[in-house]
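Colleague: Below, each chain spelled out in residue letters.
There are 2 protein chains.
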Amino acid sequence: DEGKHQFTLKTAKETLTGKYGEDSKLIYDLKDQGGELLSLRYDLTVPFARYLAMNKISNIKRYHIAKVYRRDNPAMTRGRYREFYQCDFDIAGQYDPMIPDAECLKIVHEILSELELGDFRIKVNDRRILDGMFAVCGVPDDKFRTICSTVDKLDKMSWEDVRSEMVKEKGLSEEAADQIGQYVSMQGGKDLAERLLQDAKMSQSKQACAGLTDMKLLFSYLELFQVTDKVVFDLSLARGLDYYTGVIYEAILTQNGPAPEAGEKGEEGVSVGSVAGGGRYDGLVGMFDPKGRKVPCVGVSIGIERVFSILEQKAEASAEKVRTTETQVMVASAQKNLLEERLKLTAELWNAGIKAEVMYKKNPKLLSQLQHCEDSGIPLVAILGEQELKDGVVKLRDVHSREEADVLRAELVEEIKKRIADV
Amino acid sequence: DEGKHQFTLKTAKETLTGKYGEDSKLIYDLKDQGGELLSLRYDLTVPFARYLAMNKISNIKRYHIAKVYRRDNPAMTRGRYREFYQCDFDIAGQYDPMIPDAECLKIVHEILSELELGDFRIKVNDRRILDGMFAVCGVPDDKFRTICSTVDKLDKMSWEDVRSEMVKEKGLSEEAADQIGQYVSMQGGKDLAERLLQDAKMSQSKQACAGLTDMKLLFSYLELFQVTDKVVFDLSLARGLDYYTGVIYEAILTQNGPAPEAGEKGEEGVSVGSVAGGGRYDGLVGMFDPKGRKVPCVGVSIGIERVFSILEQKAEASAEKVRTTETQVMVASAQKNLLEERLKLTAELWNAGIKAEVMYKKNPKLLSQLQHCEDSGIPLVAILGEQELKDGVVKLRDVHSREEADVLRAELVEEIKKRIADV
Chain Y
1 DEGKHQFTLK TAKETLTGKY GEDSKLIYDL KDQGGELLSL RYDLTVPFAR YLAMNKISNI
61 KRYHIAKVYR RDNPAMTRGR YREFYQCDFD IAGQYDPMIP DAECLKIVHE ILSELELGDF
121 RIKVNDRRIL DGMFAVCGVP DDKFRTICST VDKLDKMSWE DVRSEMVKEK GLSEEAADQI
181 GQYVSMQGGK DLAERLLQDA KMSQSKQACA GLTDMKLLFS YLELFQVTDK VVFDLSLARG
241 LDYYTGVIYE AILTQNGPAP EAGEKGEEGV SVGSVAGGGR YDGLVGMFDP KGRKVPCVGV
301 SIGIERVFSI LEQKAEASAE KVRTTETQVM VASAQKNLLE ERLKLTAELW NAGIKAEVMY
361 KKNPKLLSQL QHCEDSGIPL VAILGEQELK DGVVKLRDVH SREEADVLRA ELVEEIKKRI
421 ADV
Chain A
1 DEGKHQFTLK TAKETLTGKY GEDSKLIYDL KDQGGELLSL RYDLTVPFAR YLAMNKISNI
61 KRYHIAKVYR RDNPAMTRGR YREFYQCDFD IAGQYDPMIP DAECLKIVHE ILSELELGDF
121 RIKVNDRRIL DGMFAVCGVP DDKFRTICST VDKLDKMSWE DVRSEMVKEK GLSEEAADQI
181 GQYVSMQGGK DLAERLLQDA KMSQSKQACA GLTDMKLLFS YLELFQVTDK VVFDLSLARG
241 LDYYTGVIYE AILTQNGPAP EAGEKGEEGV SVGSVAGGGR YDGLVGMFDP KGRKVPCVGV
301 SIGIERVFSI LEQKAEASAE KVRTTETQVM VASAQKNLLE ERLKLTAELW NAGIKAEVMY
361 KKNPKLLSQL QHCEDSGIPL VAILGEQELK DGVVKLRDVH SREEADVLRA ELVEEIKKRI
421 ADV
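Residue numbers (our numbering), protein chains in the order written: chain Y, 1 to 423; chain A, 1 to 423.
Everything labelled a hint here was simulated from the structure, so no lab data went into it. Wrong hints could be hidden among the right ones.
One copy or any two copies: either way a pair holds, since identical chains are not told apart in the list.
To be verified - No more than 25 Å apart at the CA atoms, straight line, and that leaves these computed lysine-lysine pairs for PhoX-like:
hint: 1; residue 1: Lys31; residue 2: Lys67
hint: 2; residue 1: Lys153; residue 2: Lys362
hint: 3; residue 1: Lys417; residue 2: Lys216
hint: 4; residue 1: Lys206; residue 2: Lys190
hint: 5; residue 1: Lys344; residue 2: Lys190
hint: 6; residue 1: Lys56; residue 2: Lys230
hint: 7; residue 1: Lys156; residue 2: Lys56
hint: 8; residue 1: Lys168; residue 2: Lys294
hint: 9; residue 1: Lys216; residue 2: Lys362
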């Protein structure tokens, strides 16, 4: 069975059924030549869980960058496509509570900080806290998932509209909706978890207490990882997917101002949309295992197109050029009939591990060679001429400063490496 | 149009029709929810050509690693799957003859040398030489492609069987087949190209002469690139795909003995199969351009599963362990209740750019932490204990030599970086 070894992109439809809740309508279905109903993968999480089950893997930490498919309306300006990449990181295995969960959040923090996408915030909640909250607010058991989907819309809809959907479309009582409304406006840190553990209503739910105790533990690890500046415990975060069982989180970029201090409901930055999300899914592997053997998992998924679209906008705004090559040096010539010498020098540089490029023309103009370096951000040019060849030197030009210096051929590789290291 | 921006993996069937010759039967067809006939991409070359045409790109050099699909019989032991990765490198643009072609061969040479897969040979031929040869041997024009497909089987079938397929299945005359037989046994280098340019029959074909003149030029560039030790001009190389228009090549691993000297028909190494192939396809982009505007292209495709399967066999044979992580240091502890200290140190190392790992257990056993390092090839362990914390030091252990030394906490990052650089 080929599928045991790698999750095929096309998969039997039933593999995906019942994993995505109300989002299931976006699954991209196909039929193969035999008429079997197939689907394109919707995310990388379900394939990962299936892979663990099929190969009986009980612990692993891995990342995976690949395409996923959603039968949604594309919106290209916002970086939303029907076919797009996800970049997932997951930790699977039976471990002590919240340690891998904290590592996932540390990784999101590190990635978003290093990409310099602007200020961001990571909202954290827990499915058990949500379920406990629904229970103590009087939501009937069979309405938990659908009410959860409605709460998930709070980042796009006002509370009034969310409340109205709960009451009018989903048949929830007004009292229950209003009680939910009080909780989902709460944001904070470890102290909010502590306060809710004392809350008269919330503390009646065992599930909520388990989630809140873990939330406290999570924040203590996040303090050690020095990432609490961006992480907010937010009771309005729901996330639609059915498979989450514990911690859930979502990273959003905020256009202005820092995230509020933990525990304080500050001036909120304007959200420019979610760039990463994830959570704990302890039941998914068991759904694929013939014996129902469970493997607890926690993971995060980053939307790369989204990130790229922001980086490109930033580059455009600053009139900065985005480098599309890693070429370090262009081997050029000012005179005719030096193609062979150019090729020879290029091969010398390649063999020395230098990223070199040469124009595929017999007699390119020096100006067009230099222009190409300017356009594509190549920092150095090694220029050959009859005189240089006689003297055993190469003219090394700095594209930015336009300074040129003769370098002994035997010392060229060293000199280029030095110049690159200096940059 | 979303497809303009990225080649979707699923594509209208007609995009692929007429590009792959007799291999078209392996195209993986699908129907979408609307009933439209789609196919999964067969290779990365056709999608690349379509991308250039749709975006009006007239020159580009790029690599692409991604999955392709063939409705073939899988053979896992030989690294052959229905879904597999290809790693493609292509140069598109109007340039002087054979310069980008030579670069592609240099890249194949470099990759196969650096991977240390064992000895290899790169066979080179030219579609124009093949077509010219077919013409002067008396193959009717409308049989060129199908006879070419049969010649392509020479790496798997004996000449007798190939001859028999030409004559009995494809209706070629015995005389034409025998004349082809004489040519396809020829192997050599630049000198063979020169000899064939003087060949009474071959020199009658303008096409063959154009191909042979370019072959001479190619070899002169390959000499400058210092790769002629592995490249052989081989008239039996055909490659089945319809889209090639000029140079074609294929890299094979040879189990024993070096490739024959150019111009000399030496003792042949046993082929263990093709690991890379490619060629020039100057007409493909024009097939997708509404105005038929052509963009000449040359490229190479490497079969990664094949390469991995060989590397894994090699590793197994030498009982070497293939490292599956890049972790440089494990943060461990010999005593209980030091989880927080371990997490804190791990974050310190992460923040300093060191690849560190920590066990997700409150109180893991020292032995299991060390065993994990042995198993996964992590070279260093930073061990914390009550005494070390008091003294402001960390015990740094070399997993291989088992030597341990106390390192001042403030100097730990420097010391780890030094140790890693030494390895």
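Colleague: The structure should be examined with respect to each hint, and the outcome stated for every one.
Modeller: Going through the hints against the structure:
{"no.": "1", "hint": "Lys31 - Lys67", "in the structure": "both (19 Å within a copy, 19 Å between copies)"}
{"no.": "2", "hint": "Lys153 - Lys362", "in the structure": "neither (61 Å within a copy, 37 Å between copies)"}
{"no.": "3", "hint": "Lys417 - Lys216", "in the structure": "neither (50 Å within a copy, 35 Å between copies)"}
{"no.": "4", "hint": "Lys206 - Lys190", "in the structure": "within (19 Å within a copy, 81 Å between copies)"}
{"no.": "5", "hint": "Lys344 - Lys190", "in the structure": "between (64 Å within a copy, 18 Å between copies)"}
{"no.": "6", "hint": "Lys56 - Lys230", "in the structure": "neither (37 Å within a copy, 43 Å between copies)"}
{"no.": "7", "hint": "Lys156 - Lys56", "in the structure": "neither (40 Å within a copy, 38 Å between copies)"}
{"no.": "8", "hint": "Lys168 - Lys294", "in the structure": "neither (38 Å within a copy, 60 Å between copies)"}
{"no.": "9", "hint": "Lys216 - Lys362", "in the structure": "between (69 Å within a copy, 16 Å between copies)"}
Hints 2, 3, 6, 7, 8, counting from the list given before, are not met by this structure.
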